[in-house]
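Asker: One letter stands for each residue in the lines below.
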Amino acid sequence: MNIVVTVKQVPDTWAEKKLDAADKTVDRVSVDNVMNEMDEYGVEEALKIKEAHGGEVTVVTMGPAKAVETIRKALSMGADKAVHLTDDALHGSDALQTSAALAKVIATLSPDLVITATEASDARGGVMGALLAERLGLPQLTQARKVTVDPAAGKVSIERLADNGYALVEASLPAVVGVVEKINQPRYPSFKGIMAAKKKPLTTLSSGDAGLDAGSVGLAGAGSTVVDSQPAPPRQSGTIVKDEGDGGVKIADFLAAQKLI
Amino acid sequence: MPDTRLTDEQEALRKTVEEFAREVVAPVAAHHDETKTFPYEVVAQMGELGLFGLPFPEQYGGQGADYFTLCLAIEELARVDSSVAITLEAGVGLGAMPIYRFGTEEQRLQWLPELTSGRVLGAFGLTEPGAGSDAGGTRTTARLEGDEWLINGSKAFITNSGTDITRVVTVTAVTGRSEADASGTGKAEISTIIVPVPTPGFTAEPPYSKVGWHASDTHPLSLVDVRVPAANLLGERGRGYANFLRILDEGRIAISALSVGLAQACVDESVKYARQRQAFGAPIGTYQAIQFKIAEMEARTHVARTAYYDAAARMLAGLPFKKEAAIAKLFSSDAAVTNAREATQIFGGYGFMNEYPVARHWRDAKILEIGEGTSEVQKMLIARHLGL
Ligand SMILES: Cc1cc2nc3c(=O)[nH]c(=O)nc-3n(C[C@H](O)[C@H](O)[C@@H](O)COP(=O)(O)OP(=O)(O)OC[C@H]3O[C@@H](n4cnc5c(N)ncnc54)[C@H](O)[C@@H]3O)c2cc1C
Ligand SMILES: Cc1cc2nc3c(=O)[nH]c(=O)nc-3n(C[C@H](O)[C@H](O)[C@H](O)COP(=O)(O)OP(=O)(O)OC[C@H]3O[C@@H](n4cnc5c(N)ncnc54)[C@H](O)[C@@H]3O)c2cc1C
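Listed in order, the protein sequences are those of chains C and S. Start counting the first sequence at 1; every next residue gets the next number (my numbering). Start counting the second sequence at 1001; every next residue gets the next number (my numbering).
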């Protein structure tokens, strides 16, 4: 199996997220950056599939120079090689442009399986998997909480997370699969893994190297523009329900009002 | 002056252990502290992560890092839970390290692959009920009978000695006496001997009821007519004393790292709390009395960390490091105890409640001034280096 897994570097989940005042892009400079947490599950799943069926795991990321830290983490976990698409010209690309760029790189790798996570914790578009599948002309399976590949039959099947249970869905390979956090427990890189990562092949591409037109990427050419933004309102104080014999009903009413039940 | 900057790989490992501590250790730390239970599932995961193999070469199942990298891992664990940190420190520094440093190739191959995997634990039994700081006063004896050592005696306060996964305890014992001197007794010849667990006659007595380190495993040991093969002698006969001094010198750097982790945890918790706790209409962190306390805590932690980084760097560079290790241990254990006391103060009444980590840090701190050489012993060592 030739597996490609996409990973994105995002501002630390624990840090306060901000937009750059000048161009309204995500501020990735003044914060600690980490691998999008859900992508760790994607990497883990790719490694598990490789361990079961053999093959190779290639990590693909588009992001600033610093995103190489995220690539190293994936390589220390056990991925075999990586492609880093990075270029000042890419700064501010929107999801559509990002997907075009990533698809171009992924196509050159001729994968049997592309694994993405369901969403990245910064922009939270939840769209990249679908955009990639469309551009690559591949079937897409989403919200996978379990993945089973059958290389001999050229098939991949998943348990797709549903509101009350799961659906069994399958597709022919090659395919794009999006995973959710329930799928596995990502491993921590060992020191041996960290050392080994230093020697693994890493290809760094500029937008030109990847064959992308200068005008097709970056803030200027983005199809969508961030016009304005507001900080999230502070969390509201909780509702205190006093139990006067009807506490249960009040809680049920509250949950119903929040559309939780 | 040796370089104390972290390499990219050391920094990556430090970050990994920081994450591991936050995600795996922290959620169960209070539970194991309260129930005084050994966190087997955490230790197993530390093993999978390769922490028990950090300073050993790959041919023994190790990770091929070094002692400094081990210390970084110990510091990160101690920011969350001292018990788990000492389990690693003792397992590697006292359990596996003597076998690696002084063992024959056969002994290394017999014990290290299991120990470095973290699936089994080793312990080092030096202290006795009547001999701690003055370890030369060891009473436990080992007599060579045919091709076996016959060991009799007892040990006190031995870490990792009675868990379900303890498979080896290295003990020091008197194996003879030099020519009788004027007093007629002669000087004790001390050697180190590997005792596999279980061995008939070897018993880990019920655990101590301790003030802190509740999730760490500590037992008195009794050895009654314990027989092990003559080949279990570790290192040269009569070199036991010199060998464990080397092990303790290194161990001081690791205990210093553990102390720094605890001291740092107290700073972190205090900053968070001081920002949020209101008194007299403002967060207590706006009052200079609290700010100064925290500033001093941070300064102490920083100096302590610099001291252990330096001692570790000297050791790895092959330079003399005994004095620096003693200074690091002396200073950082004091920093840990002081920071824990100050953090508890900053938390007010909540600081005295077991559900807050600072209360646990406060209970866990004191032993740092006692284990692997008391503060007085560190001062004796430093004074000796000054020619006194
Ligand atoms: C307000 C705002 C500001 C932005 N600022 C910037 C900016 O400063 N710089 C910038 O580059 N982009 C910026 N973007 C674009 C954003 O990064 C894109 O929307 C795009 O990368 C898709 O990300 P997502 O988080 O929506 O992906 P999702 O669709 O939520 O991600 C799903 C999965 O797709 C994969 N994936 C997503 N993005 C990448 C990637 N870049 N490389 C590899 N795999 C990936 C991951 O596996 C991820 O888990 C901004 C977007 C918004 C809304
Ligand atoms: C939780 C825990 C875990 C431990 N784990 C281990 C282990 O795994 N293996 C092991 O071998 N040991 C272990 N120990 C033992 C520990 O190393 C000893 O307790 C320590 O070295 C002190 O020895 P002691 O208790 O006999 O005190 P003593 O040596 O009796 O000291 C009593 C006091 O006298 C002071 N003192 C002694 N001599 C002098 C002097 N010459 N001048 C000035 N002051 C002096 C000491 O500093 C101390 O304050 C552990 C102890 C504890 C509490």
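The set of hints was computed from the structure by calculation and includes no laboratory data. Errors might be hidden in some of the hints.
Claimed, not checked - When the alpha-carbon atoms are kept at most 30 Å apart in a straight line, the in silico BS3-like pairs for lysine-lysine are as follows: (1) Lys1272/S / Lys1187/S; (2) Lys1379/S / Lys66/C; (3) Lys146/C / Lys259/C; (4) Lys104/C / Lys198/C; (5) Lys50/C / Lys182/C; (6) Lys1272/S / Lys199/C; (7) Lys24/C / Lys66/C; (8) Lys1379/S / Lys1366/S; (9) Lys81/C / Lys155/C; (10) Lys1366/S / Lys81/C; (11) Lys66/C / Lys1015/S; (12) Lys66/C / Lys199/C; (13) Lys146/C / Lys1015/S; (14) Lys1015/S / Lys192/C; (15) Lys200/C / Lys1210/S; (16) Lys48/C / Lys1366/S; (17) Lys104/C / Lys24/C; (18) Lys155/C / Lys198/C; (19) Lys24/C / Lys50/C; (20) Lys198/C / Lys1379/S; (21) Lys1272/S / Lys1379/S; (22) Lys1272/S / Lys17/C; (23) Lys192/C / Lys66/C; (24) Lys18/C / Lys1366/S; (25) Lys50/C / Lys155/C; (26) Lys1015/S / Lys50/C; (27) Lys50/C / Lys104/C; (28) Lys18/C / Lys66/C; (29) Lys182/C / Lys18/C; (30) Lys259/C / Lys50/C; (31) Lys259/C / Lys81/C; (32) Lys17/C / Lys1015/S; (33) Lys1293/S / Lys1187/S; (34) Lys66/C / Lys242/C; (35) Lys1015/S / Lys1272/S; (36) Lys182/C / Lys1015/S; (37) Lys81/C / Lys182/C; (38) Lys1272/S / Lys18/C.
Asker: Tell me, which hint numbers fail for this structure?
Answerer: 1, 2, 6, 10, 15, 16, 18, 19, 20, 21, 24, 30, 31, 33 and 34
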